[in-house]
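J.: Chain by chain, the residues run as shown.
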Amino acid sequence: MASLRPEMQYATLDQQTETAQLGMWVFLATEVLFFGALIFGYYIYRISYPDEFVSAGRDAKFLLGSINVAILVTSSLTMVGALECVKRDMIPRAVAALLATAGLGFAFLGVKGYEYVQDYHDHTVPLLSFVLKPDQHAPAELFWAFYYVATGIHAVHLSIGIGAVLFYAWRTRSGRYSSLYYSPIEVLGLYWSFVDTVWLFLFAAIYPLGRAG
Amino acid sequence: MSAIAGGPAETYLSHESTIASWLLTRDHKRIALLFFASITAFFFVGGAAATLIRLNLVEPSGQLLGADLYNRMFTMHGIVMVWFFLIPSIPTTLGNFLIPLMIGARDLAFPRLNLASWYVFNISGMIALYFIIAGGVDTGWTFYTPYSTLFSNSHVIAAALAVFVNGFSSIMTALNFVVTIHRLRAPGMTWFRLPLFVWGIYATSVVMLLATPVLAMTVLLIALEHGFGIGIFDPALGGDPLLFQHMFWFYSHPAVYIMILPAMGVASELIPCFARRPVFGYSGMAYALIAISIIGFFVWGHHMFTAGISVFAGVVFSFMSFIVAVPSAIKVFNWTATLHRGSISFDAPMLYALGFVGLFTMGGLTGLMLATLSIDVHVTDTYFVIAHFHYIMVGGTVSAFFGGLHYWWPKITGRLYPEMWARGAAILTFLGFNVTFFPQFILGYLGMPRRYFSYSPDLQAWNVLSSAGASILAVAYLMPLFYLGWSLLWGERASANPWHATGLEWRTSSPPPERNFALTPLVTQAPYQYNPSDGSYVTQDGIANG
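Order-wise, the sequence lines are chains A and B. Under our numbering, residues 206 to 418 are what the first sequence spells out, in order. Under our numbering, residues 2 to 547 are what the second sequence spells out, in order.
Just chain B, with the same shape it has in the complex:
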């Protein structure tokens, strides 16, 4: 610990160093690090499953895993990556660390609830590890009935329970953020002076609060039906499997916005800072986040175009899916416009952020293709869909997560990371990602269905290319583990504001003291007061810097 802390001032890392002071901490900054440890572990569990999937698909016969094991592997990959990495990723780590700092508060509104959220997350993680070790689940992460309830002999109940318990953690964290942002803003921190990252986390939290309970009820019914045969989705009793799909996607489509809205918030912090320009159209950016979170609740039916919903419902959901693209496009245009006439530097966080914008745009535009009924019926359940949502969730969210991690790393740890290594990893991520997933668009258009363990031999070249890309991506994701770990011990010490940024989080020492600020800041400025002509900036509490 002393190596990290150093310096004369007491920091949140150094003021106590017993194990109990970590496991019983109520400090949002320490809890952020606890979450970071948990989700990193699950990222590599999910990544291991992905590795086996890509290895299996190198060869058309799929003999490596075989059908049954392959089913369990992609289910595990989906469940772990969705609920144990992507959904908690940015909110529980960067969000937890930064929200109080950015709004000038001493902690979140409910510190005990915050710690409880981490414990609940780990309990759900243990249940997930149990179902994985006990033999896995073969239903796909979507648990579609009646297969999941009547036919599957795998560990459906344990998986459903893991997801159910995980939801409590989501709700606890989201509730904490919403209440904190409403009630604990520093004097002068009006809603339209909030950094866009805070807006992103706020919009995310609202979606989490309103969608997660529906998922909880849905998986509860799945578990009860699988275990006790109560038959709510059983066609023999008049139950309707489509009702399950409606309830599932009522959560699971907004869940995509739970993953992407925080990433948008991160990009909106990074791009103005490294372009040295105020974000273009601040209020439009904030309204767009809220618009996405609201409209996102009314598009779930586009997952069911071919499931037997009416043509009328299909048209409505298709239309709504186009509408949700409008605020998303506003954001992409505004990020791009922020760059215009900026004084751009390509540090690692900026490389990740630019990668995010490009990959998110690809994912979004292919999403429009899928929202078109006449295209969707041809490419639904093919690798086109797989590629589309990986561009959003991995290309978008994971890139932004890494970008944010590098950007705030000096604040979190008090150490600078090695810049050239980080730029290398950022570029490798972008390349590896595209080599992995772009071939999957082509595979999808050629008709390769998702979730098949074997495929026609004439598709092998694209599959080998995709697997080769995955190995590049794996290296790119492993690299930060080493050089960021190295920087913890040997990295150069960070100043309070190494990026010359304007947010309140940079107005306290790196790493911050336990109570964040010596004095509660008084906010007088809008965020992102950067000047590209001479690199000067004004912080949110009104300090002008050369």
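This is chain A alone, in the form it adopts within the complex:
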């Protein structure tokens, strides 16, 4: 097990583990600001144009968005499960849990892709198929601009996450991690759960619009 020795810049493996975790937390802080800027802009406009945004939000696919919430929350569960399995040296089960996590990630992307096709047919894609509904005004298009930018960037993050989960599933299978050393899986889990959490915020911002009474 070569990885049981810390890299040369660390005194101990514990120090290396703590450093890796801090690194991911700091990275996630930058991600909060990245998505935060977009969500902030979204709320500025939503407050400026409440009626137009509510009217546009009614066309968002609430059911598909909700299914995706369920998928991602479940995937966080399997991700944590993978970590707990590695901690207990249950390697085949850990690999299965990681593959399930990646599979749920693909399922999310599938549902999202299907939703985009529906959106296209509903003429809500700026540039490609956008048509204002009879009761709508121009700022309704802003809602959809934010919708595509935000969900698109989220999908990019999730795709990177799926790639990373598959990569670490492969490395777990080849026996690199065990109850003695599992910090990469823990750090990967931080990223994965962050991407899930972003979806919860996007869901709350986008889908319930115009559905309260």
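Hint data in this document are derived by calculation from the structure and do not stem from the laboratory. Only a predicted model underlies this, so the values are computations on that prediction, with no experimental measurement involved. Any given hint could turn out to be false.
[As the list claims (entries may be wrong)] Far from chain A, some chain B residues (derived; all Cβ distances over 12 Å): (1) D108; (2) V180; (3) V207; (4) M248; (5) Y252; (6) A308; (7) P450; (8) A477; (9) E493; (10) N517.
[Unchecked claim] So the derived list for chain B, only partly shown, Cβ under 10 Å to chain A, looks like this: (11) L116; (12) A117; (13) L176; (14) G230.
The C-beta atom is built at its ideal place from N, Cα and C for all residues, glycine as well.
Assemble the complex: chain A is given as a structure, and chain B must be docked to it using the hints.
T.: For chain B alone, kept in the frame of chain A given last:
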């Protein structure tokens, strides 16, 4: 290579010398030199644009470049100098080289990420060179909408992409520094024993981490809007160009602190060493750095006083801008107080550091004038603003960068530079800088707007003076290229601690071995234990020297 290495001991320069050993290195010291090569190249690209700008303004009609080319030239100057020189300048070179040495670590926390940062920086640099060669951008470095999104026919998307990718490099480097400073300090290196340069880089990194993602999102939206017309800032759809300005300055004002905080850190190393006195008010200096980095996030609106923000917002941002001057003033007073009763020697690094303090003070005080609403409405978008921020960014940051470069040159290369040439360059920098930019304060007060390619003939005398100063400044910036290059081959070999300084970086050989220290140092002392009466000093690991 052998000429640099020499000596019996293996150094980070000599232990391997293949090209691959440089391009695939994980050694923070080698990566610092890689960054140094990249940013030096961009410094001269940006400088070439500045040269053409000053040449164009020698003559009131501005016929040399004409309106369109002039627009592209100042945009290129701004983008290249801000993102490809000033922001990476001190952190990626001196910071990369010194942070592990100063805290007694063997490397940064994430060496691969450090190397990746250099590659990402160069990729963004290639994109920047592409947009320059393809014809440039005419929006100004600020990319203001709706011009940048709806009207400009220049290479906005490539420029936005260059800035976007560049941000990844900033974030990677800053993340590495923050985590390293938290986790890899040598035993005994408590937070309040850290050299102030480390505090400066730490405060800078926090700003980089929290501001850069917002810029990334902002330029991404600009690129999408320019390319696909998604309209987030398009007034026809109800989009608000002012929202763009808020998002842009939320990054770009803190970006000024990204440039100046490391420079403050450098000055705080140089001044105690050459005054042979402990820095005055160490903890105040550290807290002031943190205070600037935090308050700096709440002043961005002072770029928008005349853009249509409310009077209330204007008053708040004006007030916050005054508040941020308080910790800045504390630093200036403390540097000055450090000199008091010191045993001062005027070596080149000290000359640069003193120049830094003076020019930064000028820039800061004129910043207070601009933070005053009633003055700002008269001089906003004039050369007064140009002069103000060049005093901070060029007079301040670039002077400190050169000061630090000379100070740590023996450590980095193992060679001493020729002192008289360096003093000459330091003095010439100060003179050339003031002759270039002081006339611009006057031009601004006389009403000459920024970004105009031509101007009223009665302003010509001041413009000619400014351009003449720029030629002095160009010579002063080119000189180190030659004598520092000369010293690489023929300079006298440096001892481990040529300045009799107290930091841990001086407790290893010059140049350091690959792993920095033979044994991890044990820190027992606060930094800057200098004694002005007999020139003695105590290093941070407790070695007293005569």
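J.: Run every hint past the structure and note whether it holds.
T.: Now the hints, each set against the structure:
Look at D108(B): its CB is around 4 Å from the nearest CB on chain A, not clear of 12 Å, so calling it non-interface is violated. Non-interface call for V180(B) relative to chain A: violated, since the shortest CB-CB distance, roughly 5 Å, does not exceed 12 Å. Non-interface call for V207(B) relative to chain A: violated, since the shortest CB-CB distance, roughly 9 Å, does not exceed 12 Å. Chain A draws M248(B) into its interface by the beta-carbon criterion, the shortest separation being 6 Å against a cut-off of 12 Å.
For Y252(B), the non-interface assignment is contradicted: its Cβ lies about 9 Å from the closest Cβ of chain A, within the 12 Å cut-off. The non-interface label for A308(B) is consistent with chain A: the shortest C-beta to C-beta separation is roughly 16 Å, beyond 12 Å. Consistency note on P450(B): stated as away from chain A, and its beta-carbon is indeed over 12 Å from all of that chain's, at 30 Å minimum. Its beta-carbon lying about 37 Å from the closest one in chain A, A477(B) satisfies the requirement of being farther than 12 Å from that chain.
Once the 12 Å rule is applied to beta carbons, E493(B) is consistent with being away from chain A; the minimum gap is 32 Å. In this structure N517(B) is not separated from chain A by more than 12 Å, as the shortest Cβ-Cβ distance comes to only about 10 Å. The beta carbon of L116(B) comes no nearer than 14 Å to any beta carbon in chain A, farther than 10 Å, and the hint placing it at the interface is violated. Hint status for A117(B) relative to chain A: violated, with the closest Cβ pair at about 13 Å, above 10 Å.
Given the 10 Å rule on beta carbons, the hint for L176(B) holds: about 5 Å separates it from the nearest Cβ of chain A. Restraint check, G230(B) versus chain A: the minimum CB separation of about 6 Å is within 10 Å; hint holds.
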